[in-house]
Each structure stands twice: as structure tokens, then as C-alpha cells.
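S.K.: Chains as they are written, first to last, in the numbering used here: chain A, 663 to 1046; chain B, 663 to 1046; chain C, 663 to 1046; chain D, 663 to 1046.
Be aware that one or more of the hints could be misleading.
Here chain D is said to cover these stretches of chain A; the calculated rule only asks that three of the stretch's residues, wherever they fall, bring their Cβ under 8 angstroms from a Cβ of chain D [stated by the list, open to error]:
1. 746-756
2. 910-924
Computed, partial: chain B to chain C, Cβ under 10 angstroms [what the hints assert, rightly or not]:
3. 864
4. 904
5. 984
Honestly, the hints are just simulated from the structure, not real lab data. Where is the CB? At the ideal position from N, CA and C, for every residue including glycine.
The lines below spell out each chain.
There are 4 protein chains.
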Amino acid sequence: MKLSDIKSSEAERQDYYAQLRSQHITPAWIGGGITREPKSKAVPWVWHWRDLRPQAMRAAQLVGTEQAERRVLRLTNPELPGLSASNTMVANIQIVMPGEIARAHRHAGSALRLIIEGKGGYTVVNGARLPMAPGDLVLTPNWTWHDHANDTDGPMIWLDGLDTPLVRMLEAGFYEEYHKETQTIVEGAGSPFAKYGEGGLRPVWEAEPATRYSPLWHYPMSQARAALERLAADRSGGPLDGIILEYTNPVTGGPAMPTIACYIQMLRAGERTQAHRSVCCTNYHVIEGRGYSIVGGTRLDWEDKDVFTVPTWTFREHVNDSDRPAFLFSFTDAPVMKALDLYREEAKGGVYDGSSETRARADRASGHDVGLRRDGAAGSAARP
Amino acid sequence: MKLSDIKSSEAERQDYYAQLRSQHITPAWIGGGITREPKSKAVPWVWHWRDLRPQAMRAAQLVGTEQAERRVLRLTNPELPGLSASNTMVANIQIVMPGEIARAHRHAGSALRLIIEGKGGYTVVNGARLPMAPGDLVLTPNWTWHDHANDTDGPMIWLDGLDTPLVRMLEAGFYEEYHKETQTIVEGAGSPFAKYGEGGLRPVWEAEPATRYSPLWHYPMSQARAALERLAADRSGGPLDGIILEYTNPVTGGPAMPTIACYIQMLRAGERTQAHRSVCCTNYHVIEGRGYSIVGGTRLDWEDKDVFTVPTWTFREHVNDSDRPAFLFSFTDAPVMKALDLYREEAKGGVYDGSSETRARADRASGHDVGLRRDGAAGSAARP
Amino acid sequence: MKLSDIKSSEAERQDYYAQLRSQHITPAWIGGGITREPKSKAVPWVWHWRDLRPQAMRAAQLVGTEQAERRVLRLTNPELPGLSASNTMVANIQIVMPGEIARAHRHAGSALRLIIEGKGGYTVVNGARLPMAPGDLVLTPNWTWHDHANDTDGPMIWLDGLDTPLVRMLEAGFYEEYHKETQTIVEGAGSPFAKYGEGGLRPVWEAEPATRYSPLWHYPMSQARAALERLAADRSGGPLDGIILEYTNPVTGGPAMPTIACYIQMLRAGERTQAHRSVCCTNYHVIEGRGYSIVGGTRLDWEDKDVFTVPTWTFREHVNDSDRPAFLFSFTDAPVMKALDLYREEAKGGVYDGSSETRARADRASGHDVGLRRDGAAGSAARP
Amino acid sequence: MKLSDIKSSEAERQDYYAQLRSQHITPAWIGGGITREPKSKAVPWVWHWRDLRPQAMRAAQLVGTEQAERRVLRLTNPELPGLSASNTMVANIQIVMPGEIARAHRHAGSALRLIIEGKGGYTVVNGARLPMAPGDLVLTPNWTWHDHANDTDGPMIWLDGLDTPLVRMLEAGFYEEYHKETQTIVEGAGSPFAKYGEGGLRPVWEAEPATRYSPLWHYPMSQARAALERLAADRSGGPLDGIILEYTNPVTGGPAMPTIACYIQMLRAGERTQAHRSVCCTNYHVIEGRGYSIVGGTRLDWEDKDVFTVPTWTFREHVNDSDRPAFLFSFTDAPVMKALDLYREEAKGGVYDGSSETRARADRASGHDVGLRRDGAAGSAARP
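The following block holds chain A by itself, in its conformation from the complex:
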């Protein structure tokens, strides 16, 4: 059998293409645009807290919560058209001033809040009151009613992570306003943290959740910090991300929400992680610490409360060149990629630290191992 070898004139082809257009048909062989591996439109970027905080305070002077459903600053990746920090997820700054509320609503998009400043404000999720303190992670997942309030005397500022770009791409957005400005707090509902916050312990009398997000909507920083410090004392962790914990759904062991995975990691003083990349976009928030990351060859310097973004399939390595530990919060769309069997990850130098072997196994199955391998078990912390 041999390839066909048909020739036509440019004029013939142009005439033909015009006909096709009129019939809402496009020839696929023109244009091209196939790439061998993902190349994000987004670029690595850092937003510094020294810039963000004054602008958030200024927003609070200029715009009232009566005028804005939410008073939010969108961190906008310079190369993305959709006004988001990363391809599928926003990383925004929200500020609620003393005495203000953010009205109750719900939407198909899933959201997380990582508290940056202020202690004593709260979020209500489906009737449960969640306290907010710096470093705490608060979830308001897909289609849960939520409102925020600040009854303290200082501003509450937090990082908002949402999958709204993804939901918009997928044309799956629903939105509904609550019939009142704020939800009534359900007495006796109990705090999600009281019920689900202790490791390996689960309330038996609670109905099995019908939804796929974590019923543990509040992950206090005090608990995460204690866990990281305990692991540091154990000299634990891996080479690719130091000591890194995923915030999980205690009912399934899976990610906190079906579309967003959340992590907290500790980079010990002097620690430098090994470069690796994965098919997911990641936004980082520096809870505390100072250092820099090399992201796709670009150095991003960061310190307390900065936000930076790592586009998909871009090598990253983190360096804590200070003399105190750094704590990074991050969130990614890895659960989306894994659910759709699109996830891969790769370490420079061939060491592999990941939790999903889907791609690696697929490649082995087809006889084309891409050279990833799993890290050994514990004991391999990349200490200098």
C-alpha cells in the first residue's frame, strides 16, 4: 500500500474552502497547531503582598459590599485572556471590613479560602459556622450555600481559590442567591472540625455524604503546623517537595474537592527541592517564610503572603535560602487531570514523587515507559 499523492492548485483549494465555510465545515489539515507536549498560555508570575495589601485596603475605601457581590481583586496572569491567575483556577484576594458581610449564595464552582489576615471573622457553609484565623483553609465547595462576615474590628483578608475558569470552559455554571442576606446558623449542627478533624476518627452517626467534596470544611493552620513540625522532627519528607501534606476528604481519602487539590508544605531552612513538573496548574501562597522558586527557568522571589503561579507542565524547584522554615500553601487542578486520565508528572533526573501512576502505567502497558519511577518510601528527605 502506498500513500496517495493527489495534487491540486491553490485556486482550486481556496474555492473549495470557501464552499466549505458556507456549509459550516472547516478543513482540518490547514492550521495545524499540534504540539508534542503542553505549552501553557500562562506565564510564571508572582504578586507581592507589599503591592496587594494596599490595593485591597484601597478597594475597601472605594467600593462597598452593597455594590459588589464580593469585594475581590483578581490576580491576572499577564498572558491569559480570562483574567485569572492560572488556566483553570483563579487566585484572588478578598477583603471584608469590620461590620461587613458577603451575602449568601451558591454556585457550581468550588471555592477555597486561605486566611491571610484577621482573626475572628467567619464563613457560614450550609448552616455551619466556620471560624477563620490566619493560615486556616476554609472550603465552600460546589453548590454549598456560603456567606462571610467580619464582626471583628480589623479587616479580614484571604486568598480566594476557585475553579470558575474551568466551570466556564465546560459551560457548567449554575448560580443562585439565597433568599436572605445571611444564613441562619444551625444550632447543634456541630462543627465540621469537631466531627472530622481528628485523624483516623470518623463520626458513625453522620449520614454518608451524598456529595464528593470533603465534609471537613475547616482545616486550621494550628493543626497543619503541628503536623509539619512533627514530621520535621521525624526527618521525614521527600526530595521533590520536602514535607508536603495534602488536605484530604476524610471520608474517602481523596482530594478536598473533586476539582481542586490543596496542599501545605514546609521547606526547612536551607532546603532546595528537586525540579519536577506535572500536568496541572498550581497557585502558591506563602503563608510565611522567604525564598525563591525557579519556574520554567524564571526566578520568582517570594516572602510572607506573596502569591505565585506555576503553569502546567513547567519545571519548578523551591529554595528556602533563609534561616527559618517556610510554609507554602498551594492548590492545583490535578484532580481534574487525574479524573480524566490526563495526568502525568516528571522529575528532572528521573526521580518521581507522585501519587498518580496512571500515565506511567499506561505507558508501561503500551511498552513505552517514560522513565518515571516512584520514590522510595520514607527516609529520603532532601536535606543538604
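Go by the hints and put chains B, C and D onto chain A.
M.R.: Chains B, C and D alone, transformed into the frame defined by chain A:
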């Protein structure tokens, strides 16, 4: 607590916004664009075979397979910017002429082929040779090597369904050319249909697949037709889609591929289905028959081999007003929506026929049932 | 640290043990009985059809179905106290004479019927009428209403496989008689085979089963034979069991019932399988053919319609020394062992053909691989 | 169709039965023994600590750990033939004296230890050193190497829970001695509690476990007590068991081990729970507190450190008639029943508090709801 009530001048705000822009920050409270439910950019549309076939033959005269990696006509939804029939999936027409091949490659996108014309061509998937006859469904899933060949003396034409728009949105595309033009067929590998094609029977000696797509890459039309006719004789089926079968992964019972679900349905002479909508886009191909569908209020007339598209969250109902059965093939991105907990469906009149109750359960859990209910079991075919 | 070295007199100890007994306490260090690997009380055994059939016919002369809830002959393993062929499962012979019925009831135990003789009788399961022909597998799973009837003019005889010994061990038995002698057949319910019997095709309008057993309650021999012959023509199969298919639940891809897995295999003329053993007990029925099996060193000769049993963790190999294919049906409690993480399997010579790697992986995880390995993919049929 | 009506003489039948016996066949219609619901051979029973402790100390005087692989007192249910407290599980008392060890071995049976007395001894599981303090739960699951040591100056006494009767019933036992008396502790392995002990946080660098048991082998009492007290302050819990937590596998959210589920519950001063029963046997240990339980109509009085057993499908209710909280540890074979689809539960008065709806759903599916219903969400604690 009361809402804040801060006022600022337009000039102040514009000055502030300019500052934000220079820092790659965008105020979220301008613009808006929240919708209460999904509104697709795509429109309902039908492409008639009487137009498509001549253009496919003309393409075969104008362009060789040496020039085009694939000789494919993209059906282009009039309102979509991305040259695809639907939001996340393409529905294209591919033609391979006698003696031609389509070279071996693989990609992160998943593909299906529904054979329209020609019998005796074949597709090779990871070394297994799959025959192609009209109405057959052939899968070339995510990252499988595949090439096509036509060693008959007539054209082979098929419908190509791929999730490439989705993979592009998610910035997850990988692509690789095979080291040869065509794969060698593995002797003794056995046909996927021989191994997995009998209902409720599975080869024990085969390793558990490491991938999530169906190992049954070939679903012959002869088998599907027999099943539909057996069910019609049983007077089976439901009100929303008549007698409809999903092509499944026999190893898991799940969809054929993690991102695309495929269906075949029989509309009996005179049958009219009940209007319903779901959060997924759907492309239909009329294997045979004549009738029309009301899609979002638009009547789309169709007959043998036509292709039509139903945007997400758009009511559809199908009418077979002829005196012979109609067979519709369709494929949707419903598995994506279900995996990400974004799926919903709704029937006009409150009858519910769906397989996913995720949303309904979520709503019940939050005390806000949206009024969907499950259809009763069998025996409720909506015959006139 | 050193071991304690305490000595006491025999008299002291006996006195102490007597005290313990009076308090319903037993010292654990006397008695022992730990074994390094499973040693079944059951022995390999074969029951010949030449003996069974006359006795079944005789039973039909001596006992009426008015007197016996079921007219069943229990095949009794010579070394088992519980009157069953194997440790957790019975393999019995049931006979229903022309005009007789077996009354409707249900129980927590799961049952299968493999039809040996007679064509035209039927079983009703939850209102669905299932036809019975020689070689057909019919399921009456856990807590399904079922009754049998013979409206032909010859006897209906089948093999009954049930997990009643298991259910009794676990003290989990429930039993209920139907309020009538026979169930009314639900018109329009459709046959389970029409709905679930085609490979890779599944009715969309049917509600997702709430139970874990297969909704495909009828697996015709005609279909299984066709599949096996197609695979034989493909020269497919593995070394350990030749061409062997598991009867699966098409909704999940899992075993037919949560406690019993069912298989059919074809031994080609002259085929000899490789010896292997697994942690499950297995009962075989020879649908047709003639040969022998070496089971734990004992030769069991078998021919058409014989039944034989292989105790747990006992090496078996099958030899078809005839010049026609042999078809063996078998059922095991492997799903129990797998569900409880107790399954292992091992091949003599180190080749491993199994679907569960639980134990092997566990051993690898603990650094103690027991030397099992997976068979290669297809193409390795152990033909002489 | 009518029932057959065959009559035979007693002599004929006896002669026939003798023939059958000689062929290893038993008529199934004699004997009977079908019961409508489970009736355990075991009886409700309590073993008092005031009896157990002296006998354990006496054992330590009479028998050395050189003589006994384990120095264990079996609590023996008066009506069970197998020398175990309950049908599928033992509840034993083990004592290790200062300076003693219990040698390293592993077995297919799964084990738990609930520490009763002594602080500072430890268990080594697959090289990880687990500390033991009163009330702590320590797991040594299926096929993990484990040894115990007491390097304190007082006795270490704990409750041993194992599924050995189950493994013996299923003829699935494997056993292996370690090549040394004790395992070497792996430096840097990190403590399982450090890695998995914080709720909703999971180490990313750890390989996905290949086994199904919890990687969190140590559940400290300090943590469980804190969780219970936090829930009590929240006025949380359900009517059937007060405030009850299941010890879970944090990787899956499932039970601690595939065959044994473990629980801890707090009965508040004056609390009386509602009677309910389930298809599983349960053994209780009173960590602290005083009260009684009505088990199948029998009153069992208990106080600190007593052990009592509840046979399957037996109504139980607990009463804390003291003025301090009581803490009960319990373990059951419910995961076995659920895995095999044999689980049911029922509350007196129709309130249902369970996590498995398998049976209830199955019954609904077959149109025979057994009247169970789910408890409402939180806030329904049965306080007087």
C-alpha cells in the same frame, strides 16, 4: 451587622483600576457575567449527509494523505470560535481512499470512529487490527497508537469524535508520531471483540488493564442492532430516549472512555421522546432513519447519515415520524461532568431518566431538591 | 533485654487452668495448631454422573416437592462435617419433575444453577422469567425471590451452587417464604439477558442497581460456547487454565455475586494446564468432555456431567486427553478471600496467571515477595 | 401446574439414604435447620477485670515467654466451641512483663491491641516502633511483621482482638516466624502517627499503600479522648450509640482493617442509648466508666477495664447510670458482612443509625422495605 456603604467617585475608581492593571490585578466587581444556569455559546445545528459526502469526496481529490496527517472535515458550530461542532468535542468526517493509509500516531486526546461508508478498511490500535463496517464503533483512546488503512476498492468514510477541544482547554495535550508509518499487527494478540465482546464474560488470563478506557475497542453494529431489536421485541426502554444503550467498558461497567460516553438508540416508528436536558454537550449521527429533533426550540430535520449537535443544558426531544425504526449514535462529555461533580439533568414535566443522581442527591443533602426524580424501572416505554 | 525464664510445676499449672476454665478463660499457649499455610479439611473428590443421575431420579420417586422445600442431593465431601462439597460452598443436584414446582422463597445465601438436563423449565427471579437450557447459568442471588418450574415432559436437573456453609459460619442467615407458591411473572419487565446480555452495551433507562450482584441473571450456554470457540480460533488463552472466562456483573465488571465467582473454560483436545493453587475452594462441573485432573497429587477422572471439588490451596492441573474439547464450569469463593484481603495464588514453576495481586503486592510492600509473577499478556496459550 | 404428590415407605427411604451415604451424597430434605433470622451460638457475656488481672499476673508467674509464643488468656464464650469470645473474633488478654519480648512473626489473621495497663512498652510493625499507652489502639494487620517489648518496670497488659476464628473458618491461614527474635527498628521511617495522624492531612511523598489496612497503626487515646470531649461540648452524637467514632483508614476512609472495624464511644453521665441490633458480632472493652448494657434481654454490668461480648443480631442498649462519662472501645466483623453484602441493622422503634444501607436498598429495590430508616443528621443526641 449591616452592609457597608462606601461611596467613591468614578474618577477615583478609574484611576485605581489603572493602577491595578499595571500590577496585573483586575477588580472582580466590574464586568459581572454571572448566569443562573449554563448558556452554551454553541447553537443547535445539523449537517446533512447530502452536503457532507460530496465535500468529502472532493477533499479526496484535492488533498493527499501525504499532505494531510489526517484528511478530515471539521463540522464547525456557527457560534463556536474553536472550529468544533460542540464545546468540548469535535464531530468530524474523515475519508480514506482505496490504497491510502492514515499514519500511526498517538495523542492525549481520546477518539472514536463511527463507520459511515465502506467495509473492509481497518484501524490498528496498539497492534490489534480492528475491522470497520458501517455502523461499527471503533475506539482509539487516549495515548493509544493508531493508524487507519483502506485496502478495499471504495472510499472509507467515518465520523470522528474527539475530545481535542477539551484537552486543549485543559492544556493537557501530548502528541507523538510512531517511528514507522504503520504499526505491525501483533499476531496472536487476539481481537478485542473476541475477548471482551460477549456480555458478562471476561477473559481471566488477561492482565487487569492499567488504563481507564475500554479494552473493547471494536463494537460491531451487528451486535448493537441485535440488542436493540431484542429489546424492542421485549417492548422495553424508557420515556426520555426510547431504547438506548450505552457502550461501556466491560471491565468496569463505566463509559467507553474517561472523557467521552457513547450511545446507540432506536426510535421506533412513530416514537416521540420526552423533552429533557443535561449538563453535557451531545453530538448525534443518524446511522439510519428519518425524523426530526426539537433542540432548544429549533427543529432539526435529519435523515440517514446526517450529523447534528445539541449544546449543553438544552432541551431536546426526538421524533421518528417515519414508518421504519431510526438508529441514532451519539456521544457526550457527560463522563467529564460526572467525574467533576458538575452533572445535572432535568426532564420537562419532572420525569427523570438519568443514571447520575449526583446533583439530585447533593440537592437533597442541602435541603434543596430540584425536583428531579427517577423513572420507574422497565416497562415504561413512551409509545404513542 | 532477655527472655523471661519462669518455671512452674505441672500441678500448679493444672490447678491454674481449672480456675481459668471456671471463669470462661482458656490459656492460649496450650494446644497450638498453628500451620504455616492453609490445610483444608476437605479432600479432592469426584462424583460421577453415572451415579448421580439414577439417584436423582430415585429421589423423584420417593419424595414429593410437597414434602421437600427443595428436592436436592447434597454432594458431601468425605472429610467435611457440614455435609457440603467444599468448605464454604455446596455443590448439589436438584431435580424437578414434569409438572412440579419449587416454591418461592428467598434467603441471605446466594445461589447459582448450572443446567444439566432438560430444556424448557424456568426459574423466576424477582418476577423475571429465566429460561433454562443445558449449560445455562442461572443466578438467584442473595435475598432475591425465586421459584422454579418444570412445564416440560421430562425431568429438569441442575447443579445447585450455594454459599450456605459460609453464611452459616458467619451466622448471617435470613430466610423468608413468599406469600404465594409461585411469583407472578412481571409483564414487560424484559428479560435480563435482553438488557444486559450483549457485551459492552448497557441499558441507560434502567436504574443503577442498589445491590451488588449481577443484574444479568441468565447466562446462556450458547453465548458462552460461541465466545470460547471464537477465542480458540484466535489461539488465545493462558497457560494456567487454557481459555477461561469469568461470568461477570456487567454493571461493575466484578464477579457475578459478592461471594461466588463463576467460570467457564475450554480445554482443547490434548491440552494440559500448568499446576497452580489459590486460597479459595473450587467446585467443577463437566459440561461436556472427558479427561482428568491432578488435584493435590490425586488423579480425578471425569467425563460429561461429573462434579469434582478442589480444596483451598491445593495444586490442580487439568488434562484433556481426549480428541474433542472439554467444557468445565466452576465456581469458587475467591471473591470472599479477595474482599477480605486473604487471597493468594501460586503457580508451580513460578508463572502466575491471576487477576488479584493483593497478596503479591502486600508482600512486595513488606519486602517479602513470594515469587509470584504475572503472566505476560495474550498469546501464551499452553498448547502442546 | 400442581405439586407432585409422591409417596414412599419409610423403609424404602432408609434404604435409599444408606445408598446415598455410601456415595458421599446426603438428601437435603431431611434435617432442615432453616431459621428466619440469625441465631448466634454465642451468648452475651462479661469478663470482669477484677478476675482477669489476677489471672494474667498469675500466668506471668507460671509461664515464660520462652515457652509461649504469646502469653495470652483467651476469653471463651460459654457456648462457643472454638475458644473465642465471639463467632469470628477473639478478645484475649495479653501480658508482657518487664524485660520480656513477644517474638516477631506474622500471620494472615489481623490483630489489634487496646492497651489496658502500662506505659512505655512498644510494638514494632514492619520496622516502625509504636508506643503503647493506656487506651491506645495499635494495629498489627494481616501479614505485617510484629513483635512486642516491655522495657518498663511494670507489666504491660492489653486486649488482643484478632479475626483468627474467621481465618480458620475460611481455611486461609498463613503463618511465618521472623528470622530473628525482634525486628530492627528502621531509622527515619517516621512514625505512622506523625504521617497519618492529623485529620484530613496526608503525606504526599508516601507511596500509595498496596495493602488495604490502615497505614495509621497507632491511634493514641489522648487524641480520641480529645475528639470525644470536643463533640460532647458540641452536644453532638446520635441516639443509638451516643457519641461514637470509628477508627478509620485515612487513605480510604474505610475501616481500620478489611475484616475488623474498631470504635470508641463516649456515654455521657446518665445517657441511655436506644436498642438496636446488626449482623455482626461485637466485643466491648470498658476503657473507663461504670454502667450496664442490656444485651438480648440479659443485663451485663460493667466497670473499668471489663470486657463483654454481643452476639450477632442481638439487641443491645447501653446505660451509663454513673455521674462520670464512660468510654467504650469496641470491635466488630461488620466489614466482613458489608463486603459480602450480608449486613443488616435494625433499631427497636424503627430509628436507624447505620452507615450501610446495602440491605435496606436491596429491599427497597425488590419492593420489600424492612422498615429501616436513616437517622436525621446531627443534633439528635439522645440525652435524657
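S.K.: Give a verdict on every hint.
M.R.: Tested hints:
1. 746-756: violated (count 0)
2. 910-924: holds (count 7)
3. 864: 5 angstroms, holds
4. 904: Since chain C brings a Cβ to about 9 angstroms from residue 904 of chain B, closer than 10 angstroms, the hint holds.
5. 984: Given a least distance of 22 angstroms, the restraint on residue 984 of chain B is violated.
Going down the numbered hints, you'll see the structure goes against 1, 5, while the others check out.
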